[in-house]
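Peer 1: Here the protein sequences come in this chain order: A and B. Everything in the first sequence is counted per the working numbering, starting at 175 for the first residue and increasing by one. Everything in the second sequence is counted per the working numbering, starting at 175 for the first residue and increasing by one.
Possibly wrong hints are sitting among the right ones.
Same chains, same names: a pair is fine if it fits in one copy or spans any two.
Derived pair list, reagent style BS3-like, types lysine-lysine, alpha-carbon separation capped at 30 Å [to be verified]:
(1) K673 x K634
(2) K322 x K311
(3) K659 x K276
(4) K659 x K233
(5) K535 x K552
(6) K491 x K429
(7) K255 x K474
(8) K311 x K429
(9) K437 x K516
(10) K322 x K432
(11) K322 x K429
FYI, nobody ran anything at the bench for these hints, they're computed from the structure. Computed from a prediction, not measured in an experiment: that's the story for all the values here.
The lines below spell out each chain.
Protein chains: 2
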Amino acid sequence: MYRSHTNGELRIENVGQEVTLCGWVQKSRELGAMTFVDLRDRYGITQLVFGEEHIKTAKNLGREDVIQITGNVIERESKNKNIPTGEIEITVTELTVLNKSKTPPFTIENETDGGEELRMQYRYLDLRRKPLQNNLKLRHRLSIEIRKYLDNINFLEIETPYLIKSTPEGARDFVVPSRMNPNEFYALPQSPQTFKQLLMVSGYDRYYQIVRCFRDEDLRADRQPEFTQIDCEMAFVDQEDIFNTFEGMITHLFKTVKNIDLKGFPRIDYATAMKQYGSDKPDIRFGMTFNYITEETQNKGFNVFDQSEVVIALVAKDCSSFTRKQLDALTDFVKRPQIGAKGMVYVKYNEDGSFKSSVDKFYSQEDLKAWADKCDAKAGDLILVLSGDKTSTQKQMNELRLHLGNELGLRNPNEYAPLWVYDFPLLEWDEDNNRYHAMHHPFTSPKKEDLHLLETDPGKVRANAYDMVLNGVEVGGGSIRIHDKAVQSRMFDLLGFSKEDAQAQFGFLMNAFEYGAPPHGGIALGFDRLCALFGGQETIRDFIAFPKNNNGRDVMIDSPSPISTEQLDELNIDIKIKEEL
Amino acid sequence: MYRSHTNGELRIENVGQEVTLCGWVQKSRELGAMTFVDLRDRYGITQLVFGEEHIKTAKNLGREDVIQITGNVIERESKNKNIPTGEIEITVTELTVLNKSKTPPFTIENETDGGEELRMQYRYLDLRRKPLQNNLKLRHRLSIEIRKYLDNINFLEIETPYLIKSTPEGARDFVVPSRMNPNEFYALPQSPQTFKQLLMVSGYDRYYQIVRCFRDEDLRADRQPEFTQIDCEMAFVDQEDIFNTFEGMITHLFKTVKNIDLKGFPRIDYATAMKQYGSDKPDIRFGMTFNYITEETQNKGFNVFDQSEVVIALVAKDCSSFTRKQLDALTDFVKRPQIGAKGMVYVKYNEDGSFKSSVDKFYSQEDLKAWADKCDAKAGDLILVLSGDKTSTQKQMNELRLHLGNELGLRNPNEYAPLWVYDFPLLEWDEDNNRYHAMHHPFTSPKKEDLHLLETDPGKVRANAYDMVLNGVEVGGGSIRIHDKAVQSRMFDLLGFSKEDAQAQFGFLMNAFEYGAPPHGGIALGFDRLCALFGGQETIRDFIAFPKNNNGRDVMIDSPSPISTEQLDELNIDIKIKEEL
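Bound conformation, chain A alone (with noise of 0.2 Å):
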């Protein structure tokens, strides 16, 4: 036993008892012939003050040293109400250096002066700063709580294997050689979907599992090679099901977690996001909806307009105001070449009724009047408008409103809006290759209205698909799936499968539809992303404990590596390319 307690525990009630504590030195300051220390552990601060007789050992205490004391709880004279055990100070009469620290090569404080890669290097010692550990601890604690949740309400998890089959569907396998079966791989999972579809079969039901996924894709810069997921599946249910069981899951979370009632949450089909927002994971904490002005802008004289598909226009609220320079910001914004719009008019409805825009030659003031009450906008507000084709204009438009909203202060980090999306389309067209894509994945089902459009219009169909997101975010994504061999087979044809292909890869699964398979469904959200939206930050980096850089690196380990002869050669394979260092 090295401590009777920890050192966020003693309170004024401690006074008078002997103790001893643990922990790491965060900082010590000598005040005449007393030396105080601060010492640290996972679960506080507990100040020390050491004596005379100490006083030569106090002083050789450097950051980060690992100490053991025994002393006495006093009552501090000045008392620090920012930390639980204010109230108290330790006079120590035993003191064991349990291991001496070398410094460290940043601070160990909240706003550290270590930079990224530094940090990334000693991992072990970024982790030791509080909100990293306030970070895992969220994880911890938000894991805790998704299993109370799903075990209630019968969920069993259940553990599917990381050594599976390599599938060339979807991203690209990390592969694994096999030893004991020469010339052959396994692939490590990017998800256990047809696992968790085979334990429907199986009659399991209610299905969960966090668990780990890999995606061996060129990252960006918030995608990790491995990823968590809080992966689910259900028997016998349709959408509805789904809805309630996982925004009850979520709602749950959020009271457990950090005691917030979530207001409701809304759903929205996959058409109706795009024409309102541009995007099928619309951040609605704000409004700023998209107004069509197309009819309303023709023939005017006006070329720009006039050969657009479409002419979209948002409302900033009483932001007539906005100068030239902020105007031209926002053109500038859109005109970035990630975002690719030609130019951007705007209309500012003044506060005294009359119209400024930037295409006042072409239109009058009662013509700019009609956009405005298309727009429903009032005097005061200043309309943003971008035009061209509907695709690109949406997406351009999305990106324009949500960069308003993080202008305007629209976007609290504090608020959180979550909502479905759904009927989401079966498949997208990849003008790459030539055919269509599966835009959830293979097993997703049609539409039982839209099934006629299969053979005459297949990128028409629209799938028994949702999104969950949160914030403008996509936290989670499902489907009802097919439990049928032949749409199943039908699928896979329309994906361009050879019967052949199709059976090797995915037989067993088709096979195991042929002997009572249930109707299914599921969703799987991202852990990583949801700690993030839980900590209120953008990036996942810091909800992982060692997480790996943009080249796929852990650079505290320096993995990957080169492996030695002997493994390739009882591996039997062989580096290709024999690269000169």
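Once you've looked at the hints, dock chain B against the given chain A.
Peer 2: Using the frame of chain A, we list chain B on its own:
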């Protein structure tokens, strides 16, 4: 909403209600104009009654068809007391066949007619059987209770990476070629050992994770290439703290999951375990500890004993009436090549106080009485004796003891006897490679009082290492770790690492030890094994949803399998020998 209730839920109180149920046809039988169908789901079985209006469809229902019915709950005339729903039945008013089933390749019953291989191939059907459903439910329940216990005492579940670094120490790694870092590989973790130690350095204080681990070993009957571990680590603890924490966990699991109060958690040091049981994982549900009668047997002309390092006897209570045939069978048992004894001596201590032995030629009645006294044997007992060099004889005697325990019914699967074995040796000598191996792993700390032996007689050094044993099965093992760079570095020397290799492979850990590493220790428990023990079974395979066979294959999905040339090219690897197929 496909159903209003599950098939395990309706009771006499529900009589009169209209309900909708879904499930699988377990069996159907006709009785006059009526058809009775047992409808099954995970939750139970409900009896359906089809009257004349549905007789045609009902007659066509086959086993494992998935159906949905609506009907009225009525009281059954002949009640079935064996099932919770046995007091009611449903008169069906509507029937929908959701999915027909082909005839399954084996029966979906508690005792099935399917062979091992067929059941593995159709695992999704085997998983429908109740014994397997019970196993996976038990596994879920255990995981929930483990987390509840650990969460309650401030453990944080922290996920560690699956794509890590290959190290030659320990078992063989599975490796994963990195596409983004050509010629380099990740390894899948054999355990999160170094990461959990780093988390202690980071101050997380109490860590756990229920985590998948991977070992590319040739598979024995009951090993899996991927297995699940309950991985735990604590800071500022000694062995006593670990014992208290984790015997508390096991006690909690037995109480909450099986409603069993464990009688105690004895502790025995490694040397004593080897001496008394010839095993570091003794089954203490029964006695029969070893008696060393080496002295008592010498110089009576029996060369075999005279030339033996040890002569060990055990007493089979009340077995003096064993027949010649029974004794021969025991001799055959110990002479089996995998056990390897040259022979076995028996002494019958007859009810009348006389002795009959297989070595009467050499030993007088007084001699045999002296043996019996040393062994504390009584009239009516049987004494069995093996001899030879100490290590082999202990091992053989252990096998004989366990075998006899089975034969005599002393190993009751419903009795649970846990214990701790501690003070394991730090190192073991590897004859093949002429060097020491870490018996637990290279991060295990030597006992302070044995430190002086490190330089003079390393094989004698005991470690702060311990195993948790339950009914003769090792369910977990752990140690108090090294937290000092110098000691860790010395340990790597002893294990034959060059300074460079040690630095390249474990430099990050030794560096971490320089920045204030706290004393720490932990344990890892085999979760698959623990589930099997709680289920009262010996093999782990049926406690894993989708296990692999002894060749590391998943025969259901047919994995591992060849991958495409494009995949190999992208990964910059090649298959070495193009085998003829």
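Peer 1: Should K437 paired with K516 be assigned to within, between, both, or neither, using CA atoms and 30 Å as the limit?
Peer 2: neither (39 Å within a copy, 79 Å between copies)
Peer 1: How do K255 and K474 come out at 30 Å by Cα distance, when the copy is not named: within, between, both, or neither?
Peer 2: neither (68 Å within a copy, 84 Å between copies)
Peer 1: Treating 30 Å as the Cα threshold, decide for K659 and K233: within, between, both or neither.
Peer 2: For K659 and K233, the Cα distance is within 30 Å only across copies (24 Å; inside one copy 76 Å).
Peer 1: Is the C-alpha distance from K322 to K432 at most 30 Å within one copy, between copies, in both cases, or in neither?
Peer 2: Close inside one copy (16 Å) and across copies (20 Å); limit 30 Å.
Peer 1: Pop the pair K491 and K429 into one bin, within, between, both or neither, using alpha-carbon distances up to 30 Å.
Peer 2: neither (32 Å within a copy, 62 Å between copies)
Peer 1: Up to 30 Å between alpha-carbons, please classify K311 paired with K429: within, between, both or neither.
Peer 2: both (17 Å within a copy, 28 Å between copies)
Peer 1: Can you give me the call for K322 and K311, within, between, both or neither, at a CA distance of at most 30 Å?
Peer 2: Answer is both: 16 Å inside a copy and 15 Å across each meet the 30 Å cutoff.
Peer 1: Within, between, both or neither: how does the pair K673, K634 come out at a Cα-Cα threshold of 30 Å?
Peer 2: Within. Shortest intra-copy distance 24 Å satisfies the 30 Å Cα cut-off; inter-copy 65 Å does not.
Peer 1: As a check of your reading, is K659 near K276 (CA-CA no more than 30 Å) within one copy, between copies, both or neither?
Peer 2: For K659 and K276, only the inter-copy Cα distance (12 Å) is at most 30 Å; the intra-copy one is 64 Å.
Peer 1: Which holds for K322 with K429 at a C-alpha limit of 30 Å: within a copy, between copies, both or neither?
Peer 2: So K322 and K429 pass the 30 Å test inside a copy (13 Å) and across (19 Å) alike.
Peer 1: If the cutoff is 30 Å on CA atoms, where do K535 and K552 land: within, between, both or neither? Let me know, please.
Peer 2: within (22 Å within a copy, 118 Å between copies)
Comparing the model with each earlier hint shows violations of hints 6, 7 and 9; every other hint is respected.
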